[in-house]
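Enquirer: Listed below are the residues making up each chain.
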Amino acid sequence: MGFEVLLKGKNMIRLLQGLGVALKISLISVVISIVLGLILGMLMSLKKPVINMLSRIYLEIVRIMPQMVLLFIVFFGFTKLTGRNLSAEVSSIIVFSFWGTAEMADLVRGCLQSIPKIQYESSMALGLTRLQTYIYVIIPQIIRRLIPLSINLITRMIKTTSLIMMIGIVEVLKVGQQIIEANRKSSPHAAFGIFATILLLYFLACWPISCLARYLEKKLV
Amino acid sequence: MNITVLQEYLPIFAGAFLLTIKIGLAGVALAFVIGVAGAFARYFKIPVFSAIIKCYVELFRNTPLLVQLFFIYYGLPVMGIRISAEICGILGLGLLGGSYMTESLRSGLEAVPKIQTESAFSLGFSRPQTFMSVILPQAFSISVPALVANVIFLLKETSVFSAISLMDLMFTAKDLIGLYYNTTESLFMLVVFYIIMLLPVSVLGSIAEKRSRLKMFGSD
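First to last, the protein sequences are chains G and P. So the first sequence is numbered by this note's numbering: it starts at 1 and just counts up by one. So the second sequence is numbered by this note's numbering: it starts at 1001 and just counts up by one.
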């Protein structure tokens, strides 16, 4: 079946290291996206016309441009335009943060809108200031709704980072291809075993996170 | 930016655009079929099928399309199952989309309050009547935003096909960059064609969302 290749030498460890590269990039991007997304989402809920228009354009760009196209634009286009070299890692982090920030901002905005108006009015009637309303009433409610959603964003980020092999980062898929090439003669069925293993590795990386998100969604909301 | 280069590239990109659209639409159609079947199996709790669908949804929702395609395109042939790149693309997109569609349609069906079923029964509706004329329309309008998001997501995912050497927009752009080093022009055409493909879907989707919401809560 081609699974025996995994036991040869350091092949399994190399695959896991490759997965580690993908996970590292997605983790960095997720952290940046969540921080920037929170800020942008709050800005969007202020309903200032200029911010609204700019953020609409930004969200629409992210909505209709495939991440792969963004990746190519940053990785190849930036170099061409400025003559400076941007490493593949840095450009992938830029692209995934750009994408994740839009997603996160949309989630934050949705959550802020889903808080009924009566919550604001009641806090005002109780004599809370605007700041106090946010700190004690609104933000605790938003966080409960946001946690499962942002955990879901992590799994989507991990899945999307599989694209980084297309701009030449050696991650799990690339390592898999190298192993298949190296063992073409000795085990011709390696392609099946290796790709099945990578599929399983991604599943094992994402599934627990999805389950956690679902559990928290039931418990917190 | 060189205009003559753009003119030269236009027919090449147009061809790739048609291929991308063709595979994208076929994949979305397959995804819908799988999604409807899967959602029904899950909603009516058909034994065995329900469990299989559940595993399938979990597996495909938690793995990237790129890896799925690699598995179908490079992994299966060595075991004797040979599939052409186009069929592989449609199949991969359909299976991935099917898992998302199943979840969206199922959560739509389950979001219809139980009282609707009970009221329909007490009005003398039969079981199929209740489902067809009470539950299904409401479930569908609840699912519309998620379905639109899925369609856009799937059409975007077609960009991954370049990895299995299907001559889609992405592959063409990469190819032309490699051949002639006209990076700016190639990337420009790439962006333009993706906008042509997805902006209408995005706008139509927003309209569909609004209309379905009006149907649900009345138009006052």
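Just so you know, these hints were derived from the structure itself, not from any lab. No experiment lies behind these values; they were computed from the predicted model shown. Among the hints, a few may not be true.
[Claimed, not checked] Distance condition first, Cα-Cα at most 25 Å in a straight line; then the derived DSS-like pairs of lysine-lysine: (1) G:174 <-> P:1174; (2) G:218 <-> P:1054; (3) G:48 <-> P:1114; (4) G:174 <-> G:185.
Enquirer: Does the alpha-carbon distance linking residue 174 of chain G and residue 1174 of chain P stay inside the 25 Å limit?
Expert: Cα-Cα ~18 Å, so holds.
Enquirer: Run the distance test for residue 174 of chain G versus residue 185 of chain G: straight-line Cα separation, threshold 25 Å.
Expert: holds (19 Å)
Enquirer: Does residue 1054 of chain P lie within 25 Å of residue 218 of chain G when you go C-alpha to C-alpha?
Expert: Answer holds: residue 218 of chain G to residue 1054 of chain P is near 18 Å, not above 25 Å.
Enquirer: Can you confirm whether the C-alpha distance between residue 48 of chain G and residue 1114 of chain P stays at or below 25 Å?
Expert: Between residue 48 of chain G and residue 1114 of chain P the Cα gap is close to 41 Å, so the pair fails against 25 Å, i.e. violated.
Comparing the model with each earlier hint shows a violation of hint 3 alone; every other hint is respected.
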